[in-house]
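**Q** Respectively, the protein sequence lines represent chains A and B. Residues in the first sequence are numbered from 6 upward in steps of one, following the working numbering. Residues in the second sequence are numbered from 6 upward in steps of one, following the working numbering.
It is possible that part of the hints are untrue.
Given that identical chains are not distinguished, each listed pair holds provided it fits within a single copy or across any two copies.
Computed list of lysine-lysine pairs in DSS-like fashion (alpha-carbon distance at most 30 angstroms, straight line) [what the hints assert, rightly or not]: (1) K110 with K229; (2) K126 with K18; (3) K229 with K42.
These are computed hints drawn from the structure, not numbers from a lab.
Number of protein chains: 2
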Amino acid sequence: MYMTETKQIIARKSLHHELVDRLQTLIINAELEPGTKVPEKALCDQFGVSRTPMREALKVLASDGLVRLEPNRGAWVTQVTEDEVEEVFPVLGALEALSGELACKNITDAEIDDVRALHSKMLESYEVRDLDAYFTINQQIHRAILHAARNSTLSTSCQALSMRMQRARYLANMTEGRWYDAVQEHEKILEYLAARDGPKLASTLLHHMDAKRASVVRWLQSRKTTDDPEQ
Amino acid sequence: MYMTETKQIIARKSLHHELVDRLQTLIINAELEPGTKVPEKALCDQFGVSRTPMREALKVLASDGLVRLEPNRGAWVTQVTEDEVEEVFPVLGALEALSGELACKNITDAEIDDVRALHSKMLESYEVRDLDAYFTINQQIHRAILHAARNSTLSTSCQALSMRMQRARYLANMTEGRWYDAVQEHEKILEYLAARDGPKLASTLLHHMDAKRASVVRWLQSRKTTDDPEQ
DNA sequence: CAATGTAATTTTGAATTCATAATTAAGTCA
DNA sequence: TGACTTAATTATGAATTCAAAATTACATTG
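Please work from the sequences and hints to get the whole structure.
**A** This is the structure:
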């Protein structure tokens with residue numbers, strides 16, 4: 006009856022875990038706006054759950070830095086501030102650099118082909134300026150490298166930090182120039198990965214992250230001067 | 006009535022946050038044994054709280070990897086396995102290396118003096134073979150460097166991972182030889198920090214972590230063959 | 001007596017309830 | 001009117017309750 010495999014799939018995660026995922030998505034897609042209060046009751050209604058699992062989820066998100074809990078005042082969606090960006094990207098850079106080194110040691114030929122395929126798809130998205138698709142595939146590439154590093158602790162840490170930056174990265178519509186540079190960097194990433202050149206891949210990824218940092222910071226600064234400073 | 010100041014002190018963080026701290030301590034000190042079930046009810050009784058905040062705390066600890074939640078089966082204290090150690094220390098190494106580089110850029114002369122003082126105290130603990138004190142001061146030094154790095158994201162990440170390794174590190178009673186080497190490494194750490202030589206401090210910290218990793222792994226392996234393999 | 005099935009008990013996950021703190025609205029008085 | 005109180009409302013934190021799942025204890029059968 007082919008039950009052996011389904012067992013794993015059927016065992017659904019608990020409600021609070023499901024909620025953590027859903028809320029993460031809402032926050033990343035900025036459907037819950039940064040700086041605003043998390044509407045606990047409304048979300049409970051929306052998902053049809055009671056406050057208990059919702060509050061459990063909020064506590065987990067708070068420890069991940071996606072929301073901030075103020076005693077007796079509820080949960081607030083954290084802002085992506087310039088200071089935070091300047092903090093998180095260097096850490097992410099160090100971790101991605103490590104992932105590059107480890108990936109070069111452990112990646113299989115088949116996995117390199119997978120990344121190559123993703124890279125081609127990403128180039129296509131770039132050609133037609135489909136930012137949405139570009140971001141998605143970009144993420145898949147980084148995740149594939151992370152997977153090849155064979156270190157789940159590293160993966161978890163990276164993805165938690167990525168998550169915090171993602172909304173900023175997504176919102177920070179890349180300029181034409183930055184986008185071109187990013188594509189060039191990815192060419193090198195693929196090249197060094199295929200050559201299994203750990204040190205060069207590491208330093209390329211480090212530089213890649215630093216360029217992303219600078220790009221996001223520039224966007225935040227332009228926004229600061231342009232936008233009305235409410236909130 | 007001098008209430009103004011006590012207010013702050015009395016006004017403790019929320020219950021679940023307090024519980025996260027308490028449970029972390031219990032787990033690090035192995036008062037909650039690795040591999041065993043977290044006795045939810047007993048802990049609620051012990052701390053005089055209901056299950057709600059206790060369960061919130063357990064969810065946070067689970068996302069930090071200190072406990073594992075099994076749906077409908079409760080929370081279990083995670084084991085420090087050899088695989089996990091081989092995973093976590095490289096990540097910790099990369100992060101500490103970064104903290105060293107950043108610390109060299111930002112540390113003040115006064116802070117270097119503080120580290121120097123801690124270092125002396127640590128040497129005294131080593132002379133009299135007071136492992137308990139040695140570990141405590143050792144941690145304070147690493148924390149001081151982290152603080153000098155001026156990156157709270159980095160601090161949080163480092164400390165979360167450190168926490169997971171700490172019980173292993175503490176239990177892994179160092180051999181005389183390893184202890185001597187560790188002290189030598191710390192001499193270098195102080196030297197490069199005082200000289201504000203980022204790259205050298207980074208690579209020393211990286212090596213320091215790798216040596217710790219090897220030491221803990223050796224202990225886990227010896228334990229595996231010595232101990233009865235129950236659980 | 002081992003193996004399987006069934007009932008009793010305990011534990012878990014989540015909803016509900018309740019006391020308290022914070023916010024908003026209404027009222028008071030200069 | 002406008003600042004300051006005070007009352008009403010709402011939201012939060014945590015205890016309690018309740019249904020469902022898992023575990024244990026027990027019984028039955030081969």
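**Q** Could you figure out if K229 and K42 sit no more than 30 angstroms apart (CA to CA) within one copy, between two copies, both or neither?
**A** within (21 angstroms within a copy, 50 angstroms between copies)
**Q** Up to 30 angstroms between alpha-carbons, please classify K126 paired with K18: within, between, both or neither.
**A** Answer is neither: 32 angstroms inside a copy and 49 angstroms across each miss the 30 angstroms cutoff.
**Q** When no copy is specified for K110 and K229, does a C-alpha distance of 30 angstroms or less occur within a copy, between copies, both, or neither?
**A** Only across copies: K110 and K229 sit 28 angstroms apart there, 43 angstroms inside one copy, limit 30 angstroms.
In this structure, only the earlier hint numbered 2 is contradicted, and the remaining ones agree with it.
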